[in-house]
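Chemist: Chains as they are written, first to last, in this note's numbering: chain A, 377 to 665; chain B, 377 to 665; chain C, 377 to 665; chain D, 377 to 665.
These are computed hints drawn from the structure, not numbers from a lab. Heads up, the beta-carbon is just placed ideally off N, CA and C, and yes, glycines get one too. Just so you know, not all the hints are guaranteed correct.
[As the list claims (entries may be wrong)] To give an idea of the interface, some chain A residues facing chain B are shown, with a C-beta separation under 8 Å as derived from the structure:
id	residue
1	F426
2	P479
3	D484
4	A487
5	A491
6	R514
7	D636
8	V640
[As the list claims (entries may be wrong)] Distance ranges between label pairs, derived from CB positions:
id	chain 1	residue 1	chain 2	residue 2	range
9	D	N659	C	P566	31 to 37 Å
10	B	P510	A	Q495	21 to 27 Å
11	D	E490	B	Q477	54 to 60 Å
12	C	L515	D	A560	35 to 41 Å
13	A	D497	D	R620	38 to 44 Å
[Claimed, not checked] Covered stretches of chain B, as calculated for chain D (at least 3 residues, CB under 8 Å):
id	region
14	467-474
15	543-549
16	619-633
17	638-644
Protein chains: 4
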Amino acid sequence: MKRQKQNAAILLIHCPDQKGIVIAVTEFIFKNGGNILQLDQHVDAEQKVFFMRVAWDLSDFLIERDKLAEYFNTLVASRFEMRFRLHFADQRLRMALFVSQLPHCFYDILARYEAQEWQVDIPLVISNHDRMRPVAERLGIDFHHFPIDAQNKADQEAQQLALLREQRIDFIVLARYMQILSEAFIHAYPERIINIHHSFLPAFPGARPYHSAYRRGVKIIGATSHYVTAELDAGPIIEQDVTRVTHEDAVDDLVRKGRDLEKVVLARAVWHHLNHTVLVYDNRSIVFE
Amino acid sequence: MKRQKQNAAILLIHCPDQKGIVIAVTEFIFKNGGNILQLDQHVDAEQKVFFMRVAWDLSDFLIERDKLAEYFNTLVASRFEMRFRLHFADQRLRMALFVSQLPHCFYDILARYEAQEWQVDIPLVISNHDRMRPVAERLGIDFHHFPIDAQNKADQEAQQLALLREQRIDFIVLARYMQILSEAFIHAYPERIINIHHSFLPAFPGARPYHSAYRRGVKIIGATSHYVTAELDAGPIIEQDVTRVTHEDAVDDLVRKGRDLEKVVLARAVWHHLNHTVLVYDNRSIVFE
Amino acid sequence: MKRQKQNAAILLIHCPDQKGIVIAVTEFIFKNGGNILQLDQHVDAEQKVFFMRVAWDLSDFLIERDKLAEYFNTLVASRFEMRFRLHFADQRLRMALFVSQLPHCFYDILARYEAQEWQVDIPLVISNHDRMRPVAERLGIDFHHFPIDAQNKADQEAQQLALLREQRIDFIVLARYMQILSEAFIHAYPERIINIHHSFLPAFPGARPYHSAYRRGVKIIGATSHYVTAELDAGPIIEQDVTRVTHEDAVDDLVRKGRDLEKVVLARAVWHHLNHTVLVYDNRSIVFE
Amino acid sequence: MKRQKQNAAILLIHCPDQKGIVIAVTEFIFKNGGNILQLDQHVDAEQKVFFMRVAWDLSDFLIERDKLAEYFNTLVASRFEMRFRLHFADQRLRMALFVSQLPHCFYDILARYEAQEWQVDIPLVISNHDRMRPVAERLGIDFHHFPIDAQNKADQEAQQLALLREQRIDFIVLARYMQILSEAFIHAYPERIINIHHSFLPAFPGARPYHSAYRRGVKIIGATSHYVTAELDAGPIIEQDVTRVTHEDAVDDLVRKGRDLEKVVLARAVWHHLNHTVLVYDNRSIVFE
Numbered sequence: 377m378k379r380q381k382q383n384a385a386i387l388l389i390h391c392p393d394q395k396g397i398v399i400a401v402t403e404f405i406f407k408n409g410g411n412i413l414q415l416d417q418h419v420d421a422e423q424k425v426f427f428m429r430v431a432w433d434l435s436d437f438l439i440e441r442d443k444l445a446e447y448f449n450t451l452v453a454s455r456f457e458m459r460f461r462l463h464f465a466d467q468r469l470r471m472a473l474f475v476s477q478l479p480h481c482f483y484d485i486l487a488r489y490e491a492q493e494w495q496v497d498i499p500l501v502i503s504n505h506d507r508m509r510p511v512a513e514r515l516g517i518d519f520h521h522f523p524i525d526a527q528n529k530a531d532q533e534a535q536q537l538a539l540l541r542e543q544r545i546d547f548i549v550l551a552r553y554m555q556i557l558s559e560a561f562i563h564a565y566p567e568r569i570i571n572i573h574h575s576f577l578p579a580f581p582g583a584r585p586y587h588s589a590y591r592r593g594v595k596i597i598g599a600t601s602h603y604v605t606a607e608l609d610a611g612p613i614i615e616q617d618v619t620r621v622t623h624e625d626a627v628d629d630l631v632r633k634g635r636d637l638e639k640v641v642l643a644r645a646v647w648h649h650l651n652h653t654v655l656v657y658d659n660r661s662i663v664f665e
Numbered sequence: 377m378k379r380q381k382q383n384a385a386i387l388l389i390h391c392p393d394q395k396g397i398v399i400a401v402t403e404f405i406f407k408n409g410g411n412i413l414q415l416d417q418h419v420d421a422e423q424k425v426f427f428m429r430v431a432w433d434l435s436d437f438l439i440e441r442d443k444l445a446e447y448f449n450t451l452v453a454s455r456f457e458m459r460f461r462l463h464f465a466d467q468r469l470r471m472a473l474f475v476s477q478l479p480h481c482f483y484d485i486l487a488r489y490e491a492q493e494w495q496v497d498i499p500l501v502i503s504n505h506d507r508m509r510p511v512a513e514r515l516g517i518d519f520h521h522f523p524i525d526a527q528n529k530a531d532q533e534a535q536q537l538a539l540l541r542e543q544r545i546d547f548i549v550l551a552r553y554m555q556i557l558s559e560a561f562i563h564a565y566p567e568r569i570i571n572i573h574h575s576f577l578p579a580f581p582g583a584r585p586y587h588s589a590y591r592r593g594v595k596i597i598g599a600t601s602h603y604v605t606a607e608l609d610a611g612p613i614i615e616q617d618v619t620r621v622t623h624e625d626a627v628d629d630l631v632r633k634g635r636d637l638e639k640v641v642l643a644r645a646v647w648h649h650l651n652h653t654v655l656v657y658d659n660r661s662i663v664f665e
Numbered sequence: 377m378k379r380q381k382q383n384a385a386i387l388l389i390h391c392p393d394q395k396g397i398v399i400a401v402t403e404f405i406f407k408n409g410g411n412i413l414q415l416d417q418h419v420d421a422e423q424k425v426f427f428m429r430v431a432w433d434l435s436d437f438l439i440e441r442d443k444l445a446e447y448f449n450t451l452v453a454s455r456f457e458m459r460f461r462l463h464f465a466d467q468r469l470r471m472a473l474f475v476s477q478l479p480h481c482f483y484d485i486l487a488r489y490e491a492q493e494w495q496v497d498i499p500l501v502i503s504n505h506d507r508m509r510p511v512a513e514r515l516g517i518d519f520h521h522f523p524i525d526a527q528n529k530a531d532q533e534a535q536q537l538a539l540l541r542e543q544r545i546d547f548i549v550l551a552r553y554m555q556i557l558s559e560a561f562i563h564a565y566p567e568r569i570i571n572i573h574h575s576f577l578p579a580f581p582g583a584r585p586y587h588s589a590y591r592r593g594v595k596i597i598g599a600t601s602h603y604v605t606a607e608l609d610a611g612p613i614i615e616q617d618v619t620r621v622t623h624e625d626a627v628d629d630l631v632r633k634g635r636d637l638e639k640v641v642l643a644r645a646v647w648h649h650l651n652h653t654v655l656v657y658d659n660r661s662i663v664f665e
Numbered sequence: 377m378k379r380q381k382q383n384a385a386i387l388l389i390h391c392p393d394q395k396g397i398v399i400a401v402t403e404f405i406f407k408n409g410g411n412i413l414q415l416d417q418h419v420d421a422e423q424k425v426f427f428m429r430v431a432w433d434l435s436d437f438l439i440e441r442d443k444l445a446e447y448f449n450t451l452v453a454s455r456f457e458m459r460f461r462l463h464f465a466d467q468r469l470r471m472a473l474f475v476s477q478l479p480h481c482f483y484d485i486l487a488r489y490e491a492q493e494w495q496v497d498i499p500l501v502i503s504n505h506d507r508m509r510p511v512a513e514r515l516g517i518d519f520h521h522f523p524i525d526a527q528n529k530a531d532q533e534a535q536q537l538a539l540l541r542e543q544r545i546d547f548i549v550l551a552r553y554m555q556i557l558s559e560a561f562i563h564a565y566p567e568r569i570i571n572i573h574h575s576f577l578p579a580f581p582g583a584r585p586y587h588s589a590y591r592r593g594v595k596i597i598g599a600t601s602h603y604v605t606a607e608l609d610a611g612p613i614i615e616q617d618v619t620r621v622t623h624e625d626a627v628d629d630l631v632r633k634g635r636d637l638e639k640v641v642l643a644r645a646v647w648h649h650l651n652h653t654v655l656v657y658d659n660r661s662i663v664f665e
């Protein structure tokens with residue numbers, strides 16, 4: 377279980393592998409009154425990189441939250457050339473939801489939101505169509521319609537970014553959003569834009585993967601959730617899943633079976649992001665599950 | 377693909393196995409101008425029972441819809457001691473949705489309804505709590521609150537049955553409905569009440585299966601959708617699915633992972649029911665997939 | 377269950393879709409004293425092609441085995457422009473096994489052979505290395521060593537083909553055979569050479585797919601069994617399966633986990649071939665499961 | 377990846393949860409010159425028990441192997457009421473293989489042995505039938521035939537135990553061994569006898585689970601590998617897996633599909649045991665995967 381109790385810190389670390397990293401980190405926590413709740417560690421033997429996720433109880437911790445990153449950086453991280461991210465378990469993230477016309481992932485996320493499955497705020501929905509407005513608004517979520525064409529794209533994205541900044545959005549979920557984001561947009565939210573692609577990547581990237589899967593005669597279809605990078609459908613994979621199909625399944629059946637996969641795979645990826653279990657290195661994700 | 381074009385008949389048949397059944401049925405269809413769209417057949421070699429699902433285009437069919445069952449009975453079924461069910465692909469079924477307080481399956485079905493994934497009408501929701509009323513009503517579905525206790529149960533069920541009859545309900549879906557239905561109630565809708573149980577049956581029937589799964593230390597959890605019969609969680613299984621868990625998953629994690637399983641497994645079972653692909657014999661289901 | 381009783385015929389058919397095919401085929405069987413054991417049918421709605429697999433008991437059948445194909449062709453197939461294959465359930469197929477140095481699929485198939493899991497004869501093993509000779513010979517299977525290099529390839533393949541013909545080989549299984557077969561060789565056994573590729577095709581065709589899977593950071597790996605065609609790893613897929621991996625799995629772990637997948641997926645494909653459940657059309661396989 | 381380089385120590389620990397355990401263990405390793413290769417930790421929040429698996433490089437470690445357990449016990453374990461097991465990665469375990477007449481798991485394990493997939497020695501096979509003798513002997517493994525009936529069982533088990541002791545057997549694998557071991561026998565190898573049961577436990581314990589699965593009409597079958605305890609099929613589960621079945625699958629098909637599951641699930645469990653990734657507590661297994 378990666379969901380930590382409220383008053384806890386979570387550190388995600390990577391650095392060149394060497395002796396003494398685990399002891400240095402655990403000592404920092406222990407000597408300052410922290411109780412380790414969970415520790416996962418991984419060494420990529422080929423690239424000689426060390427990865428760690430550690431969570432500890434802050435109840436009796438001596439260093440205050442707003443000094444923690446600085447102290448850790450000075451006392452530990454700098455010695456090991458670490459890159460790290462620090463999160464607090466009780467801090468609710470703010471998600472922006474992007475949708476087009478296909479509603480299944482959108483409905484699914486809103487249902488989880490309404491049922492409070494996740495610890496998240498969704499202050500706004502952005503869409504290139506107006507169709508989902510009532511679904512967002514009946515839950516009190518602001519809905520912003522940004523029609524996009526070749527001419528207005530740069531402009532519309534700039535306005536979207538302004539809105540996201542204004543709303544202090546932490547990360548973006550593309551719930552079958554049918555627009556390709558520009559590199560500029562993507563760079564504003566590195567490793568913070570989660571997409572769902574309706575194939576088992578790297579098979580069938582790009583448009584109409586169910587049609588391609590049908591034509592190739594695969595016996596299993598999949599869905600892939602990944603962080604968006606500049607190269608289309610090539611970002612670090614967070615989660616994948618598959619389901620069996622047969623010759624009896626027409627393209628429509630693949631679409632139908634795929635919908636349920638997409639919902640579940642995207643939701644798992646969002647859950648991982650919300651619980652700070654994902655580290656990205658060299659375009660691959662370490663998911664401390 | 378089992379979804380037939382609109383103007384089609386679907387026959388589900390079983391009878392003692394003998395020579396000549398396939399030819400008799402296909403001749404009946406062909407000689408009267410029908411074009412077979414799909415034919416699935418299965419022989420249970422042990423019990424010597426023949427099963428069949430056949431769908432055919434009615435565009436040029438000579439026998440009218442309201443005479444079809446009678447003609448088939450006289451000309452074919454009676455010769456082979458067949459039991460059969462006749463459906464028309466363009467006839468929308470009417471579903472009643474029963475829910476308690478856990479909303480995930482309920483939300484999921486309503487989202488499919490709203491997105492028109494299924495060809496179904498949902499005229500009413502019945503619940504032993506009032507909590508889900510706004511969710512039903514915002515989609516224009518009547519919500520009926522029937523609080524149930526040991527004293528009023530027979531009475532409340534009688535009123536529910538009256539309501540279901542009045543609304544010409546074809547089948548009932550228990551979307552995590554936390555009441556055990558009486559035998560009388562079940563007998564009013566034989567093979568037409570679909571339940572979702574949150575375990576891989578027959579493991580962990582009854583209450584709190586995730587707790588039992590945790591204590592037993594299983595490495596995989598499941599969900600099972602079945603038709604309700606008098607014996608608890610022992611009805612014919614329509615669909616099951618599973619997901620892996622580890623020692624890191626606390627009961628709460630099993631509940632979380634299980635929710636997504638339950639949604640998907642229940643939805644698949646409802647889809648099968650709506651498309652008339654399920655035959656029940658000897659408490660086992662034949663699902664012509 | 378697709379394994380038929382001994383004295384049975386199995387027909388695999390495809391033709392342009394039209395009215396009356398099912399009735400024509402079933403009438404042919406019934407009028408001549410056959411009892412249908414199993415009938416599967418499928419219409420590709422997009423391409424308007426009809427597919428069928430039908431098996432019937434020959435005990436009281438009026439037409440003799442060696443006339444059956446001719447009669448069926450004259451009386452039924454020619455009317456519908458059918459292409460068909462006729463098999464007899466009691467006829468043991470003769471398999472040639474090709475192997476290089478990786479032994480897991482090879483051992484697995486020989487274990488099934490020794491345990492008589494399959495109704496098959498394996499008169500010979502062909503390898504480009506001599507390493508597996510004792511494993512074949514201890515089961516009394518002839519082992520033929522054909523070292524292959526750029527110079528001798530055409531020659532060696534010609535000798536292999538002569539040997540296969542002499543031994544009346546029905547089909548070939550490439551149990552991780554590390555040579556690319558020439559087009560000429562492939563054309564001698566159309567839809568009768570079964571390969572296992574160690575990835576979830578069409579992802580990662582060609583060499584070193586586990587390395588590619590590792591670099592791409594997929595969360596699931598797969599194996600694919602397909603009939604060999606001239607285009608590498610692009611033949612009709614018979615069976616696929618997958619297994620989950622994590623960031624903790626190094627390439628060696630993918631290889632280890634993949635081995636078990638490969639064994640099982642290849643064995644399922646061979647089983648389908650032996651039981652005449654596979655039809656190929658337009659580079660896609662119809663597997664009547 | 378849990379397979380450690382040759383010169384490494386592996387500690388498996390559990391104790392009541394409290395502050396400072398991770399730091400105490402890692403300090404012990406670090407201060408004495410060890411480099412941590414892998415560290416996994418888990419806290420059972422309900423039972424308040426701490427679990428850990430840690431592996432470290434011994435190349436520059438100051439404490440000698442034969443003193444290591446004593447030092448760790450004195451300096452760390454005793455302070456935390458730890459129970460621990462110490463292994464060395466380069467120490468080959470000695471496995472005894474028990475088999476009856478069903479050969480698939482037996483063949484599979486011997487194939488892995490012959491291909492050197494595992495780092496293990498198999499000095500002997502024990503069977504209540506003589507049938508598998510040539511299969512063992514052709515690999516140079518001693519085969520011991522112990523026919524068992526109600527009268528001679530205690531006696532035969534005593535002789536088996538003597539043989540196992542004489543051969544310094546570390547653990548036993550029951551590869552579909554069709555005898556129930558006595559409690560006395562089991563107590564001689566606690567958490568060191570691995571069984572494969574051909575169902576998804578706890579569903580269908582005991583005899584003929586495929587028949588029971590067929591009768592219940594499940595849509596998925598499974599296999600379970602567990603450590604043997606006195607209660608039949610109720611020991612701690614190491615690994616499980618499942619596969620889909622349909623109404624078309626007769627009992628024979630379940631047996632056939634199940635065979636491949638059994639092989640793979642048993643092999644994974646043995647692999648975990650060989651790599652010291654399994655801890656048992658309260659009849660549940662912690663598998664540090």
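Chemist: Hints the structure violates: just list their numbers, smallest first.
Modeler: Violated hints (numbers, rising): 1, 9, 14, 15 and 17; every other hint is consistent with the structure.
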